[in-house]
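Student: Sequences listed follow chains E and F, in order. Residues in the first sequence are numbered from 7 upward in steps of one, following the numbering used here. Residues in the second sequence are numbered from 4 upward in steps of one, following the numbering used here.
If you are wondering where the hints come from, they were derived from the structure by calculation, not from laboratory data. One or more hints might be untrue.
[Claimed, not checked] Computed cross-link-like contacts, DSS-like style, restricted to lysine-lysine with a CA-CA straight-line distance of at most 27 Å: (1) K106(F) to K5(F); (2) K101(F) to K63(E); (3) K63(E) to K59(F); (4) K21(E) to K5(F); (5) K101(F) to K21(E); (6) K17(E) to K5(F); (7) K17(E) to K59(F).
[Claimed, not checked] Just a few of them, taken from the derived set where beta-carbon distance is under 10 Å, the chain E residues facing chain F: (8) A8; (9) P14; (10) P67; (11) S68; (12) D69; (13) S101.
All values derive from a computational prediction rather than experimental measurement. Cβ atoms here follow ideal geometry from the backbone N, Cα and C, with glycine treated the same way.
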Amino acid sequence: GAGVSQSPSNKVTEKGKDVELRCDPISGHTALYWYRQSLGQGLEFLIYFQGNSAPDKSGLPSDRFSAERTGGSVSTLTIQRTQQEDSAVYLCASSASGGSNQPQHFGDGTRLSIL
Amino acid sequence: QKEVEQNSGPLSVPEGAIASLNCTYSDRVSQSFFWYRQYSGKSPELIMSIYSNGDKEDGRFTAQLNKASQYVSLLIRDSQPSDSATYLCAGYTGANSKLTFGKGITLSVRP
C-alpha cells in the first residue's frame, strides 16, 4: 500500500491477556518506530528499528513490552499480561532512513482497550 | 527545559485570520523540525518540514525556524474551520534519531 498500515484498528481484551499489534511500513522505508498516545496526552516513544541494527528499546515502559521486525519490513509489538494502564492508541511510523532529517509518516494506529 | 515545548494554547481564531503556533526546543534537539496536524481520533499527519534558518512556505502554511532563539513556529494564513485540530511540533533527539514531540496546541477556527 501507499502508506503505513496497522492492524487491528481496534482491540479490546481482558486484563492479563497478551496482545500483538502489527505494522507494515511504507515500501522501501528502512526505519520503523512505535509510539503510544494515551487519551489527551502527547506521543510517547517506545522503540525504533533501523535496517539490521539493534533496535533502540529505550522507550519501552516495562519488560511486558517487546517488539520485533522480521525481514526488515513488518513489525509486531507484543504486550504480555496486559494491564489497564496499557490502554492507549499505539501508533507506528516509518521513514525513508534513520537520519535526523527524515520525516516520519504515521499509520492510523491501533486503539487498545483493556477491560 | 523539556526537549520540545509547546506551552501556549488552546488557540481560537476567527475564520480568515492568521493562526500563529509556537514551539521552543533545547540544545539536545537536532536542527530538523516537523509540524504535524492531528484531528481528533486520528493519527498525526505531516504538514511541514523545516531544516534551515528562516521561512519555508507551502500554500497557506509557513514554517519559521530561528536557531539563535531556539524556536520554530507555524503560521496558517486565511484560517479555515477545517484547520481546527491539534498541531504537534517535533524534533529529533539522541544518537538514535528519536523524534520527540511537544504536547501539541489545539487550534479552533470559528466560522
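Student: Now, for every hint given, state plainly whether the structure supports it.
Tutor: Outcome of the hint check:
no.	hint	result
1	K106(F) to K5(F)	11 Å, holds
2	K101(F) to K63(E)	11 Å, holds
3	K63(E) to K59(F)	34 Å, violated
4	K21(E) to K5(F)	33 Å, violated
5	K101(F) to K21(E)	30 Å, violated
6	K17(E) to K5(F)	33 Å, violated
7	K17(E) to K59(F)	40 Å, violated
8	A8	14 Å, violated
9	P14	15 Å, violated
10	P67	15 Å, violated
11	S68	19 Å, violated
12	D69	20 Å, violated
13	S101	8 Å, holds
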